[in-house]
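Chemist: Turn these sequences into a full structure, and let the hints steer you where they fit.
Chains as they are written, first to last, in my numbering: chain A, 633 to 955; chain B, 633 to 955.
Hints in this document: simulated from the structure, not taken from any laboratory. You may find that some hints are simply not true.
Since copy identity is lost for identical chains, a pair holds within one copy or between any two.
[Claimed, not checked] Capping the alpha-carbon separation at 30 Å, the derived lysine-lysine pairs in DSSO-like fashion look like this: (1) Lys725 to Lys891; (2) Lys925 to Lys761; (3) Lys891 to Lys901; (4) Lys657 to Lys931; (5) Lys879 to Lys940.
There are 2 protein chains.
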Amino acid sequence: MIPFDFNEATTKLNAEITALNFDKKPQELYHPVRYFLDLGGKRMRPLLSLLSCYLFDNEYIKATKASLAIEIFHNFTLIHDDIMDNAPLRRGKPTVHEKWNRNIALLAGDITLIEAYEHLEYLPNEIRKDVVKRFNKTAFEVCEGQQFDMNFELREEVSIEEYIEMIRLKTAVLLGFSMYMGAKIGNATEIEANKMYEVALNIGLAFQIKDDYLDVYGDAKKFGKQVGGDILSDKKTFLLLSALKSKNNTDLKNIIGNKNTSSNEKINKVLAIYEKENIKHITEIEMKKYFDKAIEILKTVSADESKKSFISQYFNDLMTRET
Amino acid sequence: MIPFDFNEATTKLNAEITALNFDKKPQELYHPVRYFLDLGGKRMRPLLSLLSCYLFDNEYIKATKASLAIEIFHNFTLIHDDIMDNAPLRRGKPTVHEKWNRNIALLAGDITLIEAYEHLEYLPNEIRKDVVKRFNKTAFEVCEGQQFDMNFELREEVSIEEYIEMIRLKTAVLLGFSMYMGAKIGNATEIEANKMYEVALNIGLAFQIKDDYLDVYGDAKKFGKQVGGDILSDKKTFLLLSALKSKNNTDLKNIIGNKNTSSNEKINKVLAIYEKENIKHITEIEMKKYFDKAIEILKTVSADESKKSFISQYFNDLMTRET
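Modeler: Here it is as structure tokens:
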């Protein structure tokens with residue numbers, strides 16, 4: 633088996649991002665895009681594309697430029713989400729609307745989306761139509777997910793099913809698309825590419841629930857942010873919504889509605905309820921459900937067994953991360 | 633000559649817009665898009681596409697669906713521009729951010745842009761690559777124009793050349809693209825399609841200067857908005873910038889910097905300076921320069937002479953409009 637080189641792939645992706653020319657006028661428009669792309673990140677989405685391409689074709693590096701469409705699209709959503717969420721920081725640095733202003737962030741997001749479409753032009757002609765069609769569908773869904781997320785903040789009650797559908801749209805479908813596109817570039821059939829879509833979609837759901845889980849049960853030092861942040865902000869996470877499902881949820885409802893509780897007291901009270909309601913275990917079961925489903929689907933893909941094991945192992949490493 | 637039917641074309645375009653399905657969830661995301669597209673407008677950009685297609689191919693109706701990409705893109709820019717300009721009204725109705733809120737308007741604009749790209753998929757395969765490449769270039773330019781426009785509001789001095797470049801980017805290139813695309817769908821050569829781009833680009837410049845002109849010299853009743861609105865808001869129009877070029881511009885600089893002048897007094901004072909500096913005539917000359925250039929280029933296009941005359945006449949009617 634020809635090995636997949638994560639370091640080489642990441643270096644290549646970052647080099648391509650650095651090579652993009654944003655040294656154009658007006659600089660008020662282009663500098664924020666350069667700034668934001670340079671904030672870094674793990675480039676997970678294009679890496680998933682390359683990995684999925686690799687499963688069907690050793691020449692996986694050929695997916696680099698097209699896969700950047702996904703990374704750039706992801707950055708577009710972050711720039712605009714940061715405006716909508718009034719977020720001051722992204723990856724520890726000021727967000728675009730904080731560093732410049734909201735109008736500049738809006739327009740910088742817009743050209744980032746156009747830049748994403750520009751990169752789809754690197755797709756081979758034979759697969760372009762299918763992949764762009766799926767990209768558009770995914771892009772609509774990501775926006776729908778963001779709107780549902782904003783709606784849920786204003787709603788009293790959100791069911792677990794609604795929450796899962798929201799994270800599917802907001803996060804998981806873009807991971808699904810990443811592996812779909814990589815498979816298509818690797819000349820996989822539509823059936824195999826769709827399987828890779830489902831693999832990454834389920835991994836995405838597992839990741840997102842893991843994110844909620846780490847906020848409460850993560851190692852503060854390794855996780856890099858305050859444990860319990862979601863609890864303090866009454867964020868409707870998988871954990872909170874699961875606890876609210878219990879018949880005796882009056883205590884919990886009082887705590888999350890109460891602005892007078894001190895930070896530590898609030899966290900401790902909620903943790904006690906999570907303990908009583910077995911929320912840690914319920915969440916672990918839910919993560920595992922989606923993770924196992926991803927691995928099961930991956931097993932059915934017609935491809936080299938050792939490559940499939942390699943990808944399974946990669947997902948496993950990601951899932952056992954503490955950050 | 634097979635006639636071009638403006639009524640039929642407009643009816644067809646509006647029917648296609650009505651048929652677009654935005655009855656999807658979450659309705660907070662899709663209803664604003666439906667609302668905004670239904671505000672109407674003359675659908676000038678897709679009509680220019682159809683007209684340009686007609687010049688090379690009698691079956692111009694085939695350009696309808698792809699040409700809607702331009703109308704939808706135009707609406708995306710309006711939704712986001714309205715946020716940036718804090719505009720309360722669009723076509724006499726509340727803007728999206730006024731009727732709903734800024735976050736909804738931001739996200740509604742985003743999906744409108746994605747919808748525009750979705751419509752580019754109606755382009756015939758043979759010309760898709762060229763047209764999408766030009767569309768992306770145009771989309772970047774429109775955003776650049778909006779940023780320059782915002783920059784100019786904050787700047788003391790703006791030259792006529794900078795102003796023309798701004799309106800070229802913000803408005804004229806999209807008209808240029810409209811006729812380029814129509815020509816390509818009509819199987820024009822790249823050379824002829826590029827000529828049609830230049831034709832519409834110059835018409836666009838003439839239109840935009842005409843817009844500035846009508847604010848001052850238009851018939852208030854026919855124009856449908858207060859004459860002198862640009863003067864009251866110190867808007868850097870072609871007229872104001874031309875008057876500021878004069879050596880004796882101290883009076884004008886004092887007037888536009890002075891918040892204490894009553895409305896009518898301010899308008900009358902500026903009008904007197906325009907009169908002294910011959911601004912009406914200078915503006916008419918400038919409009920005519922771009923208009924004549926458009927007609928000159930149109931004459932060099934290899935196409936049916938009577939169709940070319942028909943399009944010339946259409947441009948002429950548009951230019952002599954009072955609204």
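Chemist: Give a verdict on every hint.
Modeler: Taking the hints in turn, this is what the structure says about them:
In the homo-oligomer, the alpha carbons of Lys725 and Lys891 lie at most 30 Å apart inside one protomer (29 Å), although the nearest pairing across protomers, at 40 Å, exceeds that limit. Within a single copy, Lys925 and Lys761 get their C-alpha atoms as close as 29 Å, which meets the 30 Å cut-off; across copies the closest is 39 Å, which misses it. Taking the shortest alpha-carbon separations for Lys891 and Lys901, only the intra-copy value of 14 Å comes in at or below 30 Å, while the best inter-copy value is 58 Å. Taking the closest pair of Cα atoms, Lys657 and Lys931 never come within 30 Å of each other, the shortest separation being 50 Å inside a single copy and 34 Å across copies.
When the C-alpha separation of Lys879 and Lys940 is checked against a cutoff of 30 Å, the pair qualifies neither within a copy, at 43 Å, nor between copies, at 76 Å.
Hint compliance for this structure: hints 4 and 5 are broken, all remaining hints hold.
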